[in-house]
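Colleague: What follows is each chain in one-letter form.
There are 2 protein chains.
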Amino acid sequence: MIRSRTAVVFCLLAVIAGCQASDPLPSWNEGAAKQRIVAFVRTVTDPASETYVRPAERIAVFDNDGTLWTEQPLYVQVEFIFDRIQALAPNRPEWAEKPVFKAALNRDYDAMRSHGHAGLIELVLAAQTGMTTDEFEQLVLDWLATAKHPRFDQPYTACVYQPMLELLDYLRANGFQTWIVSAGNAGFIRPWTEQAYGIPPEQVVASRVVAKYELRDGIPVIMRMPESDFSNSGPDKAVGIYQLIGRRPILAVGNSDGDFEMLEWTTAGPGRRLGVFIHHDDTVREAAYDRDSSIGRLRRGLDAAAHHDWLVVSMKNDWRRIFPFELASR
Amino acid sequence: MIRSRTAVVFCLLAVIAGCQASDPLPSWNEGAAKQRIVAFVRTVTDPASETYVRPAERIAVFDNDGTLWTEQPLYVQVEFIFDRIQALAPNRPEWAEKPVFKAALNRDYDAMRSHGHAGLIELVLAAQTGMTTDEFEQLVLDWLATAKHPRFDQPYTACVYQPMLELLDYLRANGFQTWIVSAGNAGFIRPWTEQAYGIPPEQVVASRVVAKYELRDGIPVIMRMPESDFSNSGPDKAVGIYQLIGRRPILAVGNSDGDFEMLEWTTAGPGRRLGVFIHHDDTVREAAYDRDSSIGRLRRGLDAAAHHDWLVVSMKNDWRRIFPFELASR
Numbered sequence: 001m002i003r004s005r006t007a008v009v010f011c012l013l014a015v016i017a018g019c020q021a022s023d024p025l026p027s028w029n030e031g032a033a034k035q036r037i038v039a040f041v042r043t044v045t046d047p048a049s050e051t052y053v054r055p056a057e058r059i060a061v062f063d064n065d066g067t068l069w070t071e072q073p074l075y076v077q078v079e080f081i082f083d084r085i086q087a088l089a090p091n092r093p094e095w096a097e098k099p100v101f102k103a104a105l106n107r108d109y110d111a112m113r114s115h116g117h118a119g120l121i122e123l124v125l126a127a128q129t130g131m132t133t134d135e136f137e138q139l140v141l142d143w144l145a146t147a148k149h150p151r152f153d154q155p156y157t158a159c160v161y162q163p164m165l166e167l168l169d170y171l172r173a174n175g176f177q178t179w180i181v182s183a184g185n186a187g188f189i190r191p192w193t194e195q196a197y198g199i200p201p202e203q204v205v206a207s208r209v210v211a212k213y214e215l216r217d218g219i220p221v222i223m224r225m226p227e228s229d230f231s232n233s234g235p236d237k238a239v240g241i242y243q244l245i246g247r248r249p250i251l252a253v254g255n256s257d258g259d260f261e262m263l264e265w266t267t268a269g270p271g272r273r274l275g276v277f278i279h280h281d282d283t284v285r286e287a288a289y290d291r292d293s294s295i296g297r298l299r300r301g302l303d304a305a306a307h308h309d310w311l312v313v314s315m316k317n318d319w320r321r322i323f324p325f326e327l328a329s330r
Numbered sequence: 001m002i003r004s005r006t007a008v009v010f011c012l013l014a015v016i017a018g019c020q021a022s023d024p025l026p027s028w029n030e031g032a033a034k035q036r037i038v039a040f041v042r043t044v045t046d047p048a049s050e051t052y053v054r055p056a057e058r059i060a061v062f063d064n065d066g067t068l069w070t071e072q073p074l075y076v077q078v079e080f081i082f083d084r085i086q087a088l089a090p091n092r093p094e095w096a097e098k099p100v101f102k103a104a105l106n107r108d109y110d111a112m113r114s115h116g117h118a119g120l121i122e123l124v125l126a127a128q129t130g131m132t133t134d135e136f137e138q139l140v141l142d143w144l145a146t147a148k149h150p151r152f153d154q155p156y157t158a159c160v161y162q163p164m165l166e167l168l169d170y171l172r173a174n175g176f177q178t179w180i181v182s183a184g185n186a187g188f189i190r191p192w193t194e195q196a197y198g199i200p201p202e203q204v205v206a207s208r209v210v211a212k213y214e215l216r217d218g219i220p221v222i223m224r225m226p227e228s229d230f231s232n233s234g235p236d237k238a239v240g241i242y243q244l245i246g247r248r249p250i251l252a253v254g255n256s257d258g259d260f261e262m263l264e265w266t267t268a269g270p271g272r273r274l275g276v277f278i279h280h281d282d283t284v285r286e287a288a289y290d291r292d293s294s295i296g297r298l299r300r301g302l303d304a305a306a307h308h309d310w311l312v313v314s315m316k317n318d319w320r321r322i323f324p325f326e327l328a329s330r
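Sequence order for the protein chains is R and U. Numbering-wise, this note's numbering puts 260 at position 260 of the first sequence, and it's gapless, one number per residue. Numbering-wise, this note's numbering puts 202 at position 202 of the second sequence, and it's gapless, one number per residue.
Think of the hints as simulated: they come from the structure by calculation, not from any bench. Hints are not guaranteed to be accurate.
When chains are identical, the list treats them as one kind, so a pair holds in a single copy or across two.
[To be verified] Each computed SDA-like pair below joins lysine to any residue, with the alpha-carbon atoms no more than 20 Å apart:
no., residue 1, residue 2
1, Lys-212, Asp-229
2, Lys-212, Arg-113
3, Lys-98, Thr-157
4, Lys-212, Gly-234
5, Lys-212, Ser-228
6, Lys-212, Phe-230
7, Lys-316, Trp-69
8, Lys-102, Ala-87
9, Lys-212, Arg-247
10, Lys-212, Ala-268
11, Lys-102, Ala-89
Construct all of the structure, not just a fragment, from the sequences and the given hints.
Modeller: See below:
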């Protein structure tokens, strides 16, 4: 009697497990995009497949801003920098004379952008260096604990894409390593990716400032220095992957032209590869932008996707749900 | 009957497993060094321990030259560079006029060293840049397939320390990540660490040359450029760890003063930590060198080990066997 009850429980568990296994991506609508992703994972993980890839080489790389979490109306790191500049300004009266700092203090992104990459780097260095690495990590965590997205009124770490969380889990369950490859600063990204995405700090490839080892009253610290060390963007995303991972990925996912070479490098390798662009085309649930956007511009990528056989995912049509805090809408 | 025979087999298997589990480090002699390592691993992995460390934070870092494989009579990478310079010399007649190249062509390490770090970098750039990353990887693998250690007459990748192989396995079996943190060039180290040590390329922190993404006839490649990007040595080993791993290790193992700050940084963190120096003191089986050696000098480290409570491992007394190709000697 006990035995047969146990057997029933086991059967039920097996059925539940079977159901879960049959749809690892519940926030993805049925359709070509989901099918292609699942088919790719199956073909590289099936030992009988000619395109089988051993687990050690199942490297998947993901851009962060606009690919794993929202980058509209502003990159989250820029929001952080604006707040830091605001907090530091009382002690830095000279900033009042400097246009790029004035733009930051006015939260005027358009004005700030007119100063180009150099202007942004100036703000990054002012806001994100001059402290120890431990101190900076604490600043980031403290800010994330209270800051909220202006539209969704949620912590930024909740403004992550539910379908991408499922994709990350699905890939890891299939023996993939999931890496972030971002133009953001590593010190800003690493403190929270483990909790938000299940991605540990050592699987984050990102931009860096120069760091320096020092003894402070005999205690060793690593100082974040006011000098850019590496900008992990565009062609240098492929370089960052080489320098940190040392292997060519087999799957790359991005959403802007800053990810173009990462996809190009990934999909030019031998064997089965997959390049994916997440296309922001959902005005209602998030935002629609591509060719002419100042944030997350996607022009070369859209033009070249067919030629490279890259998958373009429509957030509007391919995603049943966008954010974890949102109820499934269809 | 069948059942009891099965039970006997299971008992035997359990006994065998028990024996293996009871000595995960068979090439380490019983003694204080081995005891301290085992006690450290137990205290950070026992969930009931006050000094328990969750698996994600069990980062162990290892220097390579002189810690995982032999660096005598010459760093292996320098042997490779000498051979490359020799092979390239017929097409570079101008080298005949340059003292540092002449030293390399004569395999005169003392003369080469008189040109200091700048001289070594000049040779590194001449021998290890100007090709794609894939081409360089092939050059390294081809060289390792035929080159042999001058004394042991074994491939260099066989001149690894058996006790360290066991330690790496033991740590991984206890949920540690095992990382290499080396002053050698990443492109030289990564192609073979997975096979030699079970350490994948993405867990190698090392020196870098500048790399550049390019299209060659439409095919993307990453070129190794004749410019140093990062020298992962001394205080910059701690920086390299921060930039690539993003977490402070809990265990660091080195053998020279170039590893001093890596141990200092590791053991200055909170909770239970362990810093280890491998002391080369076995003239018979390998080599004895420390305070006055030009290769792998260990002076500050020996002087400061007691103050920092770092473990100094005697290769002569603590290691039953040094190389895999050698029979256990005691």
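Colleague: Is it within, between, both or neither when you check Lys-212 against Phe-230 at 20 Å Cα-Cα?
Modeller: both (15 Å within a copy, 12 Å between copies)
Colleague: Taking 20 Å as the upper bound on the Cα-Cα distance, should Lys-102 and Ala-87 be classified as within, between, both, or neither?
Modeller: Only inside one copy: Lys-102 and Ala-87 sit 13 Å apart there, 59 Å across copies, limit 20 Å.
Colleague: Treating 20 Å as the Cα threshold, decide for Lys-212 and Gly-234: within, between, both or neither.
Modeller: Answer is between: at 11 Å across copies they meet the 20 Å cutoff, but 27 Å inside does not.
Colleague: If the cut is 20 Å between Cα atoms, do Lys-212 and Arg-113 qualify within a copy, between copies, both or neither?
Modeller: neither (30 Å within a copy, 27 Å between copies)
Colleague: Cα distance capped at 20 Å. Does Lys-212 pair with Ser-228 within a copy, between copies, both, or neither?
Modeller: For Lys-212 and Ser-228, both the intra-copy (13 Å) and inter-copy (18 Å) Cα distances are at most 20 Å.
Colleague: How would you classify Lys-212 and Asp-229 at a CA-CA limit of 20 Å: within, between, both, or neither?
Modeller: For Lys-212 and Asp-229, the Cα distance is within 20 Å both inside one copy (12 Å) and across copies (15 Å).
Colleague: At most 20 Å between alpha carbons: which applies to Lys-98 and Thr-157, within, between, both or neither?
Modeller: neither (32 Å within a copy, 57 Å between copies)
Colleague: Pop the pair Lys-316 and Trp-69 into one bin, within, between, both or neither, using alpha-carbon distances up to 20 Å.
Modeller: Answer is within; shortest intra-copy Cα gap is 16 Å, inter-copy 55 Å.
Colleague: Go through the copies and call it for Lys-212 and Arg-247: within, between, both or neither, with a Cα cutoff of 20 Å.
Modeller: between (28 Å within a copy, 15 Å between copies)
Colleague: How would you label the pair Lys-212, Ala-268 (within, between, both, or neither) given a Cα cut-off of 20 Å?
Modeller: Between. Shortest inter-copy distance 16 Å satisfies the 20 Å Cα cut-off; intra-copy 37 Å does not.
Colleague: Can you give me the call for Lys-102 and Ala-89, within, between, both or neither, at a CA distance of at most 20 Å?
Modeller: The answer is within: 10 Å in one copy meets 20 Å, while 58 Å across copies does not.
Of the numbered hints listed earlier, those contradicted by the structure are 2 and 3.
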